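Peer 1: The primary structure of each chain is shown beneath.
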Amino acid sequence: MPKRGALVRIRQPTRAPIALLALLFGCRQGHPPDASSAGPGASPSAAEAAGAAELPAELPTDDGQWRMVAKDYENRRFSGLDQITASNVAGLKVAWSFSTGIPKGHEAPPLVENDTMYVVTPFPNDAYAFDLRQPGSGPKWRYRPGPSAAAQGVACCDVVNRGAALWRGKLIYNLLDAHTVAVDTATGAEAWRTKLGDINRGESMTMAPLVVKGRVLVGNSGGEFGVRGWLTALDAATGAIDWRAYSTGSDADCRIGPEFLPFYPQDRGTDLGIHSWPPDKWKLGGATVWGFISYDPALDLLYYGTANPGVWNPDMRPGDNKWAAGVFARRPDGGHAVWYYQFSPHDLYDHDGINENVLVDLQLGGRWRKVLAHADRNGNFYVIDRERGEVLSATAFGAVNSNHGVDLRTGRLIEAGEKKPQQGRVVREVCPAAPGAKDWQPMAFSPKTGWFYIPHNNLCEDVETTEASYIAGTPYVGANVRYHAGPGGHRGVLTAWDPVAARAVWRVQEKFPAWSGALATAGGLVFYGNMEGWFKALDAKTGKLLWQFQTGSGVIGQPISYRGPDGKQYVAVFSGVGGWAGSVVSADLDTRDDTAGNGWGATMKELPARTGKGGTLFVFTLS
Amino acid sequence: VTGRGGIPSLSAVAALVLIASSAAGCGRETRNLHPAPAASDVNATLADAQENAYAMNEGKRLYDAFNCTGCHAHGGGAIGPALMDTSWIYGSKPDEVFATIVAGRPNGMPAFRARLVDAQIAQLVAYVRSMSGLTSRKWAPGRNDSLQIGPAENTRDRQPPRGPEVLRP
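Chain order of the listed sequences is B and U. If you count the first sequence from 1, you need to add 5 to reach the working numbering. If you count the second sequence from 1, you need to add 739 to reach the working numbering.
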């Protein structure tokens, strides 16, 4: 176990003492220490600031923009802005808002660059630009890509979209019908559109791309349709496909070569993406790539998780089912794999490994370690050496009875045998449920406190696995599931987590799953929303509720903060219930069926009475 | 069949009830084990399935085997709409549900015409309509072989169809 005493290092060693002092004494020297304030990234030139060059890896000081879904390559979701603080947040008011007119789940974050805000919507995947110098004056442009309507039939969990990327005057994002588009940020005209997958085989796209070294990195969705997962790199200028790395199949297909050296022996061997499956099952093996991607410019490594192995029923796919339910480190040039670690070998519960990997440096056992932090569906919070893939700690952050944590010697998850699903039997009280202790909802990291802020679930399930037949374009699941609240009776939690001590510092309970992203700010605040429509600000140190606003529909979006042209700090978020957990409302499900929404009927019965449908962008500032 | 004193004996009444009920249920379990791939009279095939317990139970089996469960759950809906409520986007009549399954619908419902014969689709139609109580309780399934997900089909009250709320394209 790592030694106690959390300290968080600003990445550039020469700056670390100042940052540490600031942390220790809470002193404020002009700008507070910002997670993205140091590091190898070059200072942005005027041309870069104008969007004419590639985004720098990290910004020397917080320029008040929000140019990637998670703000930085490290996926920290931390804003260095500090105008809005614990003492004045009570005066936060709506500056302006905008209705998208779409009654589906709004999971995307707004992006802000050069006094312009960009948002993308769920299906039909419209994009809007807003001139922030004229707040409330309506969109500057609207782009309507018109994806195929049939794509809605292969979107497992509402027709969401998780955000866009900005690169040299282009807004780049994925359409539900498995295309990636680039739109001119000045005019809203389409620059390119590339077909990545086939909806007739069940492939869709919902994730947010990341642009690294001129390449757009995108992955597919469809793990409930027997698709084969991949990460694909496109030329950001033209949309041409550069490389594709599959998550199942031969080493060549998975771009596994001489550079691949996983930390644990069970991940070493030839063509494990074939041999860890029954014959040919890898072709339907899922392991899709629908979560967030991180990038470490110093190590030149991409990090992303792979989803659940295809067909939920584990009896139909004996073996470790590589490379599903794990994390890959790859080179952006060529996509070659460097290491891999499997959170859930032979996943039993639809526990995708796609949850975001947040890159931080931590002092563990007296040594500074470059780690990635990952709160998995299986209920464990992992701290992993991001150079080599060694698990440094793994600790349950939610209610778990289906595993006993991780054997740190072998790296393997220790399963609790009595909760293993068996075909034709109902196994009850399995915790966490299929959506996991945490699903897609991205956590934030504050270098000021050194803690993670994890929006997550408190759900258990009854599960019965059944023989599933593969029919292309239809669900390939083989499980009947029914979720219910975990211990305590609440279904959601926001946990402040100390990654060094590996323990929760404080928790806030939510009636329904906390399905929105989190945002941490230098003003000492944590923002997130709940499914009843309340958008909230908490004290980052104590978890005390300081402010809340009822947005009218459940909040499942990713909040951001930026500095407006007027120099004021703003906070922005989509409201609009839906997503897997909210489909009871967004898809008008009938909760007399416990399994409605693939398991949510029983536990979300009250949600339709608590909130209504509809997407609205809210922008807040101090009055 | 009167006993002493003109009062019908209990056993005689029981026998009558038995005869009457078995006569009424004559077609209930009729099984057409060798249906033609394409029905010569689709409407007759559909009508027969609506009043046949065997057809509905076969429909229930096919509903799971052909992955209807994955999209519509056990009637509550998921990727696709709920089937146990009053809302019918493309119509609730047997021929309308039949057309939906055969040819698919534009917002994601796949076409199953290449995967099932007409008689099987008629069985699916009967089962789907039983989910919202549109068929008689006499024929609707009464139990699940799997996880109990809610009230059995033959205990559900009729949900009056509200007609198309979404315009057909």
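These aren't lab readings, by the way, just hints derived from the structure by calculation. Small disclaimer: the values here were computed from a predicted structure and weren't measured. It cannot be assumed that every hint is accurate.
[Claimed, not checked] Restraint ranges, calculated between C-beta atoms of paired labels, are given here:
#	chain 1	residue 1	chain 2	residue 2	range
1	B	R147	U	K877	34 to 40 Å
2	U	T769	B	A257	54 to 60 Å
3	B	K425	U	R854	29 to 35 Å
[Unchecked claim] Partner residues aside, some chain B positions facing chain U, computed with beta carbon under 8 Å:
#	residue
4	A154
5	A155
6	A160
7	A421
8	E423
9	E434
10	I476
11	G478
12	T479
13	L551
14	G606
[To be verified] According to the in silico footprint, chain B covers these stretches of chain U (three or more CB under 8 Å from chain B):
#	region
15	802-811
16	814-826
17	848-861
18	888-895
Ideal placement from N, C-alpha and C gives every residue a C-beta, glycine not left out.
Peer 1: Are the hints correct? Go through all of them and say.
Peer 2: Verification of the supplied hints:
The hinted range of 34 to 40 Å is not satisfied by R147(B) and K877(U), whose Cβ atoms lie roughly 55 Å apart. Checked against the hint of 54 to 60 Å, the C-beta distance between T769(U) and A257(B) comes to roughly 57 Å, which is consistent with it. Take K425(B) and R854(U): their Cβ atoms lie about 33 Å apart, and the range 29 to 35 Å holds. For the restraint placing A154(B) at the interface with chain U, the shortest Cβ-Cβ distance is roughly 5 Å, inside the 8 Å limit, so the hint holds.
Interface restraint check: A155(B) against chain U, minimum CB-CB distance 6 Å, threshold 8 Å, status holds. The beta carbon of A160(B) comes within 7 Å of a beta carbon in chain U, closer than 8 Å, and the hint placing it at the interface holds. At its closest, the beta carbon of A421(B) sits 21 Å from a beta carbon of chain U; the interface hint therefore is violated under the 8 Å criterion. Here the hint on E423(B) is broken, as its CB sits about 18 Å from the closest CB of chain U, past 8 Å.
Hint status for E434(B) relative to chain U: violated, with the closest Cβ pair at about 14 Å, above 8 Å. Evaluation of the I476(B) hint against chain U yields a held restraint, the C-beta minimum of about 6 Å falling below 8 Å. Given the 8 Å rule on beta carbons, the hint for G478(B) holds: about 5 Å separates it from the nearest Cβ of chain U. For the restraint placing T479(B) at the interface with chain U, the shortest Cβ-Cβ distance is roughly 4 Å, inside the 8 Å limit, so the hint holds.
The criterion of a C-beta within 8 Å of any C-beta in chain U is not met by L551(B), whose closest approach is roughly 38 Å, and the hint is violated. At a threshold of 8 Å, the smallest CB-CB gap from G606(B) to chain U is about 5 Å, leaving the interface hint in force. Counting residues of the region 802-811 of chain U whose beta-carbon sits less than 8 Å from any beta-carbon of chain B gives 7, enough to reach three: the coverage restraint holds. Remark: the region 814-826 of chain U is confirmed as covered by chain B, as 11 of its residues place a Cβ nearer than 8 Å to a Cβ of that chain, reaching the required three.
Coverage of the region 848-861 of chain U by chain B holds. Counting CB-CB distances below 8 Å, 3 residues qualify, and the rule asks for three or more. Restraint check on the region 888-895 of chain U versus chain B: 3 residues with Cβ-Cβ distances below 8 Å, three needed, restraint holds.
Going down the numbered hints, you'll see the structure goes against 1, 7, 8, 9, 13, while the others check out.
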